[in-house]
Structure formats: C-alpha cells, structure tokens
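> Sequence:
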Amino acid sequence: MVSLTWPAALAWRLRRQHLEPRDGTSVPAVVGTLGAVAAQLDPSAAELGVRARLRSSRPGDVDRALADGSLVRTFAFRGATHLMTPEQAGVHLALRTSSRMWERASWQSHYALAPGDWPALRAAVREALTSGPLTRAELAAAVTTDARFRHLTAAFTDPSATFLKPLAWQGDLSLGHPRDGAMTLQGLDANPRWTGLPDLDDAGPRAVETYLRAYGPAAPRHLHYWLGQGLGVRSTLLRRWLDALGARLCDVEVDGEPLLVLRDDLDELTATAPTAVVRLLPQYDQWVLGPGTADPHIVPPDLRPEVSRGARVVVVDGVVAGTWTRTGDTVRLTWRPGSPRSTDDALDAEIARLGGSPAAIVAG
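First residue of the sequence shown: 8, per my numbering; consecutive thereafter.
Read the hints as simulated data drawn from the structure, not as lab findings. Ideal Cβ placement from N, Cα and C applies to all residues, glycine included. There may be inaccurate statements among the hints.
What the hints assert, rightly or not - Pair ranges (Cβ atoms, derived):
| # | residue 1 | residue 2 | range |
| --- | --- | --- | --- |
| 1 | GLY67 | ASP258 | 19 to 25 Å |
| 2 | PRO312 | PRO199 | 16 to 22 Å |
| 3 | LEU273 | ALA119 | 51 to 57 Å |
| 4 | SER116 | ALA283 | 54 to 60 Å |
| 5 | ARG129 | ALA278 | 46 to 52 Å |
| 6 | ALA254 | PRO347 | 17 to 23 Å |
| 7 | ASP208 | GLN236 | 34 to 40 Å |
| 8 | GLY317 | GLY123 | 37 to 43 Å |
| 9 | ASP187 | ARG339 | 16 to 22 Å |
Please put together the full structure from these sequences, using the hints given.
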C-alpha cells in the first residue's frame, strides 16, 4: 500500500481545489470541481470562495454564471442553499430525492398531501413557472387556484422554505435572482444546460468520484458525512456505490490512516510534495465543509466552534491556522497559538488579493 504524509496529501488537495496554484479557468469549472458551494447566508462569501480559486476574475462573475444558466442555485446539502453546475445538480439532487422525505407520515399529515398528490402538484408548479421567476407568494397564488392545493398557501410562503425543498430536489424549480429582497423561484426546464436527474445508481458512483477527486484521500466516514448526512443517502447505498467503483478505487495510507483515492489520481498524488502556502478563505468555504469541521487534519479541534459558527479562516499549508476579519479596507488576523505562520510577503500578497491593507496581526 502506498504511504503518504498529511502535508503531501493536503498539498495535492489544494491543487485539486484550484487553491495552489490558483488555476481555475471559469466559475462553472471551479464549482463543478468542488461539487457544490455553500451559498446560504452571504452571497459575497460564496463569490469570494470561488474567486479565490480562479486564475483571473472580476466582481459579479458568479451572478453572470447564474444568469446564463451555467450555474444553478438550489436547496441541496442539509437543505441549505448551494451553487452547482446543472450537471452536478442533477447528480446530487438524484441522491437527495432517494430519501423521499415527502412520503413520510409526518409530512403527509402536516401538509395534507399523500404521495400520489405530488405528481399533479409538481406539474402545477412547473406550469406556473413557465412564464418566468415568481416570488413565493406569486407561486402560491398560481398553484392554489387548483382546489386540491388551496390549503397550501402558507406552506409555499413559509419563511423556512421547507415545503419548497422537495420540489427543488426533484428538479421542478431552482432559486432565481431576488426581487426587491424577496426570494424568487424559477423553472429548471428553461435552462438548456439542465438535463434532469440521472438514474440513482448512475448518479451515486459519480457523486463518490466527484468527492474523491476534490476531497481525497478520504475515508468512508467522510463520504457518509458529505453524501449520507448531507443528502440523506442510506449507508447501504453508499456501500453499493463503493462496490460498483471496485478497481477504480485504491487504498492509500496517510500517516498510518487507511484512506481511499481514485486509482487514476494515484500517480499525481504520490508525486505531489508538501507546499508552503497561505490562503484567506471565507466563512463556510468548501475547504472545510467538504471534509467537515470535525476533521482534525483540516480544523484543529479547539478552532472547530469558531469555524462551525462561520469564522473566516486563515489556512496555512492546508490547515486552519487562525481566523480573519475585515473592517473597511483593513484585514485583521488572529493566529491560533502554536500554528505554523506564513511568511510576511505571502501574507501581504494574500491580503492585497482581498483588496485590503494589513492590520496588526493579533496573537491567538
């Protein structure tokens, strides 16, 4: 079995995620590599995370990709809002629908909808969105003209958007550009890049491959965190997809820990040497969300509470070494005690990339 160190493995992962070097060629290319980019709370954070991986970029690149359909914004992992390419959305939403949450007794009781009611409801939603994006209230008004769905007005307009999520998971709608601060919903059928949901046993191995390409080397527990906890996929399905990949997977040992990679990636992985690099990443960046904040190889346990609450992270050689804040044009860093530090020149260059000026660096 091939043996590696974590510094070398993380150097390869930095390369795969277009963080070292920054060589992403386009917004869709970066998002497609990552599988998904969290975009729940602050759209500017998602844009910063994407632009941190691009060879060149300008403000508004993410919005332009959404406008031309090369990206979609939809409900995905843990029910939160994510950016995905249409292809990756199809793959991951196919996994999310496998839970068939809307068929649970609690859902049937709460929304007064039987599983057999959903095909007609979905058709009504798609028909209502053919004329363009609608607010939740406008969509509710259109769909509830049908007596069968008249009781669903509050469900459509509930601020939690819980009722809308299965419609997104099944590919009936995605999130549009906000209108006067209000969420809008749009049909996916109008996007020429949208090809629908693939078969589950086609989508599953593709999702596993996407994860291992960007977040490997990884253990089955990482896949369970990302696809199981994140998308509600059953453990039996994950095991079936790993078995289906068979010889395409390869075991490696990273500082004594047995992990998985794709066999096609093994040569590049073993040829990658540790790197010295600093990156300032936004809150909820995929660098930490992909493996999860509980992974101590990425997030030291004492920093996990801050990172989980949305701290912006300073990453040195792939490991979270501190946090940063910005006030106006001033960037202030707080180092974790004992963490490796970056050179002043590299740090100054990273702060300049953000368009800021360095403040006194605060010891942790």
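> Taking the numbered hints from earlier one at a time, note which ones the structure violates and give those numbers from smallest to largest.
1, 2, 6, 7 and 9
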